[in-house]
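Asks: Going line by line, the protein sequences match chains A and B.
The opening residue of the first sequence carries number 1 in the numbering used here; numbering runs sequentially from there.
The opening residue of the second sequence carries number 1 in the numbering used here; numbering runs sequentially from there.
One or more hints might be untrue.
Said to hold, decoys possible - What follows is a list of derived Cβ distance ranges for each label pair:
{"hint": "1", "chain 1": "B", "residue 1": "19", "chain 2": "A", "residue 2": "400", "range": "20 to 30 Å"}
{"hint": "2", "chain 1": "A", "residue 1": "97", "chain 2": "B", "residue 2": "19", "range": "21 to 31 Å"}
{"hint": "3", "chain 1": "B", "residue 1": "97", "chain 2": "A", "residue 2": "80", "range": "42 to 52 Å"}
Everything labelled a hint here was simulated from the structure, so no lab data went into it.
All values derive from a computational prediction rather than experimental measurement.
Beta carbons: idealized from backbone N, C-alpha and C, even for Gly.
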Amino acid sequence: MEQSKRYAEASAAKENAARDPYWYLHVARATDLSGRDRTLYRAFEMLPGALSIATLAALVLLALLYPTIAAYFTIVFAMYWLFKVGFLSIHLRHNMRRLRHNMSLDWNARLSGLKHEKIVHLVLFPFSSEPYEVVEGSIRAILEAKWDPKRIAVVLSVEARAGEEQVRVARRIQETYGSRFLDFLVTVHPDGLPGELPGKGANLSHAAEAARVGFLDARRIDYRNVLVSAFDIDTVVYPHYFGCLTWYFLTAERPYQSSFQPVPLFNNNIWQAPMLARVIAYSSTFWQMIQQERPEKLATFSSHATPFVALLKVGYWQRNVVSEDSRIFWNLFVRHDGEYRVVPVAYPVSMDANAAPGFRQTVANLYRQHRRWTYGVENVAYILFAFMHNRKIPRALKVRAVLVQIEGFWSLVTHPLILFAVGWMPLIVGGSAFGASVLSYSLPVVAKFFLTAAMFGLVASAAYSILLVPKRPEEFGVLRSVALVAQWLLVPLTLVAFSAIPGFESQLRLMTGRYLGFWITPKTRVQLIPKPALKPHG
Amino acid sequence: MEPLSRSKRTAYLSIFAFLFCAIVPVVLLYAGGYRFHLGEGFVQTGGLYLEVPYAGARVTVNGSFVGETNFLTRSYYIGDLTAGSHSVHVSKDGFLPWHRALEVEPRLVTSAHVLLVPDDALIEEVVLEGEEEDGEAGGRYRVSDELYASIVDAFERTQPISAGGTVDVEGNLALVLSDGDVTAHWLLADAPPPSYFCRSPSHCTRRIALESGPETSVNAAFWMGGALYLREDGGLMFTEIDARPTPVSALLYRARGAEFRIVAGELFVKDNGRIVRVGF
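Looking at chain A on its own, in the form it has when it is part of the complex (with noise of 0.2 Å):
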């Protein structure tokens, strides 16, 4: 019986393979698959949960029969920690500099020798409940920018279940500002289709192929010389952004195996937002900075730029995931058997910081914010089932994207915890012989001082963050911008805070099948910034 089972399963992966290669594509989670597959997908599901567990429980079991060697590793830990915020910081430098590079060159001069002209660019603005100034800022920002509307298709895909009104805020950009571009589309992504999850991918996926039949087809466009750029509905770009984006695709030496990764700034708001909020935005975009100067590590993020081509290959934007924008990459790279990489365009795009109108609900949004952006865990589990079907991928390759992912999502939930709980447990548990010893009053001294130094890495990010923040409105006073520089004090918080424990819950969703949903950002913005300020190097 069980044998006929499992002929009967090897059966169907096969039949799978022969109908379509490349049928694992868009896998969700485990429910989608069933039988061997499934039980293989479950088991990568909960990989990352089991190790982040496994370690932290390891640690304190270590700190129970082992505290002397517990205190040790804190110790180390800690100056790996220093040098670990030393070795990125040098990237994160050189990045700085190279956007501010990147900011003072004139993209359109560049591209006088390249052949441009028959570049489209589509924009894709999903949105929901999001007021209509902040819809304006984001098309006003386009139209500001110096490159040709003309040559500029915008989507404007309303989620069906945000209601008449927001389709009235879509139609209403459109009379004002749609005539403006080669194109501009209205669409409303109707809710509940079969196989969706209610989220940015589905309707992502909904407004580039309504642009495909409404747009594209209709005008007769070579899908080869179309750009798209999905944004979020506050991404606000900067003037060179559309110059920049095309010298990276006309000069990349695969432009159709490419995506491209702008710089995430969260400066819209970056004023009215509190401290808390503030850091947290600078902390993810100066980790999206760190990983521009490391290409290999670079997955999609946020606001990013694909061919049409690439797209229209994987079925545009997996609409049943959380964090659709750093799974299409996957989704392309399996695609492409590996043949795919995300070029760093170290240029930025601005969206808005996490700010509610109340401190405790802004709490709350950037909590469950951090929650989505850490669930890409999920991609671990797609990434190991998707490299184990592929078997044109090159095995060193296969090995060191796994490593990297799981890798990134086991430090980033077990190094803030044992930085700042679990390492120091030998001193709660150690017992009265270790407390006796030197080495217990050793580790907080040693481990404070390769800590605090680590402050020092961060002191220079506050500089940097200076650096990005856009002119000081005038309602607020000097002391404001010394909170700039003080809310890095906040660091040790925020990454326990926002970023090991929502890391923490989501590989424990994953790990027990309690998936989680797409939650959408509340754009609560107080007052628009219509054109952030960075100053230029030089």
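Use these hints to put chain B onto chain A, whose structure you have.
Replies: Chain B alone, transformed into the frame defined by chain A:
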């Protein structure tokens, strides 16, 4: 401008990895108590940990000033001490000086809770809150009817000691009166005793003699982090519980036939029918 090249990143990584590997052993040796002394190479050192209950106390170790306790700092860790005896002095105006020769062992920390006893005990007559002043200002400790009744009741109850046995228990510590001598005992057989039971970190006892001289004690109790014992001659003594020489000991009250009780954490003495509160 291009992203950091792979060769540059590898170079940075190599430098950081080299520095990390070079520094780790040094840091671990340091954390474990090893110090480099010229001419001696790496030496295993130990440390002292002192807890002082009051602010404004001056701490010296081997004649060197360590610091003065304040509102925030009430404890000191003195590391980098070679193995052997180290002389610790703690002084504060109005209190008996605290002195101890503490034995330091390699890679271990000797800890001590400094007990500061005032030069003079405060003695106040216990009176009821509503009682009228008789013209003498001060020297009176006013208590509620309820507390007064409790104090009287405590003195009226039969004292559970005579010939000896355990007279008081606090946590895992017991005070035992035996043949007129007072000893403190660590009750947990399978757990190491606290540092004050240890002459050095690795030489601990489970019994400390608090009073073993020619005097005969008739009662004892834990109080204010130390121990009280009442001698047959009426002398009420307060002493530190510490196996290391020489614990602080002070005479708080003397009156033949006096008795003491501790009620609500306060020390009361009954002397010829009069009840007084003795405090610091």
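Asks: Taking the hints in turn, state whether each one holds.
Replies: Results for each hint:
1. Range check, residue 19 of chain B to residue 400 of chain A: Cβ separation about 25 Å, and the 20 to 30 Å hint holds.
2. For the pair residue 97 of chain A and residue 19 of chain B, the supplied restraint of 21 to 31 Å holds, since their beta-carbon distance comes to about 24 Å.
3. Range check, residue 97 of chain B to residue 80 of chain A: about 47 Å between beta-carbon atoms, so the 42 to 52 Å window is met.
This entry satisfies every hint, going by the numbered hints stated previously.
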